[in-house]
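Heads up: the protein sequence lines correspond to chains A and B, in order.
Numbering-wise, numbering that gives the first Met the number 0 puts 43 at position 44 of the first sequence, and it's gapless, one number per residue.
Numbering-wise, numbering that gives the first Met the number 0 puts 77 at position 78 of the second sequence, and it's gapless, one number per residue.
Wrong hints could be hidden among the right ones.
Restricting the straight-line Cα-Cα distance to at most 25 Å, the calculated cross-link-like pairs of lysine to aspartate or glutamate (DMTMM-like) are [what the hints assert, rightly or not]:
{"id": "1", "chain 1": "B", "residue 1": "K228", "chain 2": "A", "residue 2": "D308"}
{"id": "2", "chain 1": "B", "residue 1": "K108", "chain 2": "A", "residue 2": "D154"}
{"id": "3", "chain 1": "B", "residue 1": "K182", "chain 2": "A", "residue 2": "D308"}
{"id": "4", "chain 1": "B", "residue 1": "K14", "chain 2": "A", "residue 2": "E202"}
{"id": "5", "chain 1": "B", "residue 1": "K228", "chain 2": "A", "residue 2": "D154"}
{"id": "6", "chain 1": "B", "residue 1": "K4", "chain 2": "A", "residue 2": "E72"}
{"id": "7", "chain 1": "B", "residue 1": "K4", "chain 2": "A", "residue 2": "E202"}
{"id": "8", "chain 1": "B", "residue 1": "K228", "chain 2": "A", "residue 2": "E260"}
{"id": "9", "chain 1": "B", "residue 1": "K212", "chain 2": "B", "residue 2": "D247"}
{"id": "10", "chain 1": "A", "residue 1": "K285", "chain 2": "A", "residue 2": "E349"}
{"id": "11", "chain 1": "A", "residue 1": "K230", "chain 2": "B", "residue 2": "D247"}
{"id": "12", "chain 1": "B", "residue 1": "K182", "chain 2": "B", "residue 2": "E118"}
{"id": "13", "chain 1": "A", "residue 1": "K13", "chain 2": "A", "residue 2": "E39"}
{"id": "14", "chain 1": "B", "residue 1": "K108", "chain 2": "A", "residue 2": "E349"}
{"id": "15", "chain 1": "B", "residue 1": "K4", "chain 2": "A", "residue 2": "D43"}
By construction, these hints were calculated from the structure, which means they are not laboratory data.
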Amino acid sequence: MADLVIKGGTVLDKSGSRKADVAIGADGNISQIGTDIDGEREVDAAGCIVSSGLVDLNSDFCQPGNEEIETIESGTRSAVLGGYTAVMLMPHTSPAIHSAAAVKEMQSLRSEALCHIELSGSLTLDGLGDALSPIGEMASLGVRFFTHSNLASLDLSLLRRAMEYSSRFNVTIGLTPFVGGNGHMNEGNVSSDLGIRGVAIEEEEILTYQFVKMAKLTGARVHLQQVSSPKAIEIISGAKADGVSVTCEVSPHHFALTDEEVRSYRSVYKVAPPLRTGREVEAIKKLITSGQVDAIATSHTPNSLQEVDLPFEEAPYGVIGLETAFAVSVTELNLPLHEIMSAMSWVPAEIAGIEATHGGVLSEGRPGNLIVIEEDTKWSPSISQMASKSTNSPFDGHQLQGKIRHTFINGEAVVLHGETQR
Amino acid sequence: MTSTKHVRGVDDLGKDSILEILELSNHFLEVSNRRIPKVPALRGKTVASLFFEDSTRTRLSFEKAAKRLSADVMNFSVSSSSVKKGESLRDTIETISSMGAEAIVVRHKSVGVPWMITEWTDASVVNAGDGAHEHPTQSLADCYTITRQFGSVEGKRIVIVGDIKHSRVARSNVKAFSALGAKVALVAPPTLLPSSVDNWPVDVIEDLDVAIKEADVLYLLRMQLERQKESLVPSLREYTNFYGLTLDRSQKLQKSSIIMHPGPMNRGVEITGDIPAFPNALITNQVGNGVIVRMAVLYHLLGSGVGLAGLHSEGEEDG
Chain A
0 MADLVIKGGT VLDKSGSRKA DVAIGADGNI SQIGTDIDGE REVDAAGCIV
50 SSGLVDLNSD FCQPGNEEIE TIESGTRSAV LGGYTAVMLM PHTSPAIHSA
100 AAVKEMQSLR SEALCHIELS GSLTLDGLGD ALSPIGEMAS LGVRFFTHSN
150 LASLDLSLLR RAMEYSSRFN VTIGLTPFVG GNGHMNEGNV SSDLGIRGVA
200 IEEEEILTYQ FVKMAKLTGA RVHLQQVSSP KAIEIISGAK ADGVSVTCEV
250 SPHHFALTDE EVRSYRSVYK VAPPLRTGRE VEAIKKLITS GQVDAIATSH
300 TPNSLQEVDL PFEEAPYGVI GLETAFAVSV TELNLPLHEI MSAMSWVPAE
350 IAGIEATHGG VLSEGRPGNL IVIEEDTKWS PSISQMASKS TNSPFDGHQL
400 QGKIRHTFIN GEAVVLHGET QR
Chain B
0 MTSTKHVRGV DDLGKDSILE ILELSNHFLE VSNRRIPKVP ALRGKTVASL
50 FFEDSTRTRL SFEKAAKRLS ADVMNFSVSS SSVKKGESLR DTIETISSMG
100 AEAIVVRHKS VGVPWMITEW TDASVVNAGD GAHEHPTQSL ADCYTITRQF
150 GSVEGKRIVI VGDIKHSRVA RSNVKAFSAL GAKVALVAPP TLLPSSVDNW
200 PVDVIEDLDV AIKEADVLYL LRMQLERQKE SLVPSLREYT NFYGLTLDRS
250 QKLQKSSIIM HPGPMNRGVE ITGDIPAFPN ALITNQVGNG VIVRMAVLYH
300 LLGSGVGLAG LHSEGEEDG
């Protein structure tokens, strides 16, 4: 008799889908996948999809340094409720993750996490863009991903050196094609009407082209974060065809919302890169459907309660998204669940380098990092009920479809019927 | 009388309300010409004035308007306030509201603030300027100036010249003038035009010397000295050369045309020489009309139930 059986669902993984029960052993791994398995404890998955948990490539949990805004505990609680079994954290904490000591501190904070935390390191010291971080030392502690998101202060020659230097350490470099400070929203009809300084979409396309060219020149492996321009995705596809080692991610807010939302003046629509026009949003959705976008990532960025009531031009960029990303993707994208899981679980696991324990094929011996999905359930997220300490969700009150019923981390049920268990 | 709760942007009013306010302004013009230019229409009401950006003339204009209607005025300017001590915008509004204000007049450097604060107060909100977005009472005053001169705004060719991109006066005026049926044209260096100006209900004319000949109203915007530092124009000299109202250019205006400017003027930049003193330059009229129109706006918002007919001035009471 198995310890725990997830009963009555349809198992979905890379190889396809089949009706099956999933048994978890005492070691937290999948012990058996088959029909009519009995267990000591049974978790109901009737009518549901059972699959690997989601993997996020881009979240900020503000710890260490800004724990009043979000913590590893509140952020991972948010994550597991949204179906994530692993989250990669961005390094712009305080101190930044730019040294071996900082890496070790973050690794020790894993004890506070409800799901797996993967670290990314800062490409430059303090993220300032002046000097390289000790990439090799951090890589030997297990960091596989380095990012720089403060592009206002990173010059291309330093970026080239960072790419060349890191190429021997088998790491991926994450880059966001946005220059902070040049504008608060998309440059277009809305910004012209409102008198708010905008960023032209061409700037993102130019930065994307620079990054992929640099990757080709240096042989580095890059991951383009937060792409919002359809033409930028086409540039990335062209680079892939040209043999460049490049992947890209898009966030749900970039395929669900347009710059028209800013006419409400609410800072919950201020993101970087900015929300684009309806035409671009439709084009991005088509590119996701045609498989040209590797991953969907949340870029979960909490803000403080003081910042909530700031005017649009004064507010910081960023929105939270872990608890709504899956449902927004199911609701907005004309895509079979298999493709959504590929973009939200299997491919991000590979990009983060954790495919041995997350994503992929479900079979005996694989760790029990699983979710049970109610694909057709309609629901409406409410910020007052979210686990995140932050309230900047642009999907508060929206009608969405697709709910996470249960989440398992290493075989342990951390979310049952939409409630965290600890 | 249509009921309006707020004047945050021109669209809060629409054509009918704009015309109503212009009509009301005629009444208050008469009041302003009395020996004691004061009526008790808003007695017992409080108008709070909340200026996060420096502005003597607009603040005084609202204050004068409120006092002429016998309203109490609460002045709040950021340099002397708790905002400097870190009080949030929301806390400031809620404090003012709980002190009892029927109207809050607000000016702020950030777009959208007047709309945000309506969530935090029951008072009527009047926008005295939010970033580069809107300045609706300035537009109403400008519509009044044009109406007093020509009888109406409809059908007039109004040419607005200058830094359209960063101008809340331009954005509100394009809306207000278009709503009243004027033919609006914009003249500006390409760097100072909004990126999507082709979707605005205006003509864009490259050459001021062409535009000036057909203008019934030549409306000049202030050219901020900082724009040169941002490389939006090579120099102020170049700006004046191509876009300034010089004495030579002023000769090209039709005899019946008028020159307007929202103030303050950068003399020698967008307007040169003695032009502000010319008979067809109505710049000082605009200032006086500003007080009158703001009386009409405050009355429109707060004066329901107080009939205008037979409103007598305060006899022995002082202001």
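**OP:** List, from low to high, the hint numbers that the structure doesn't satisfy.
**Re:** Hints 1, 2, 3, 4, 6, 7, 8, 11, 12, 13, 14, 15 contradicted; others consistent.
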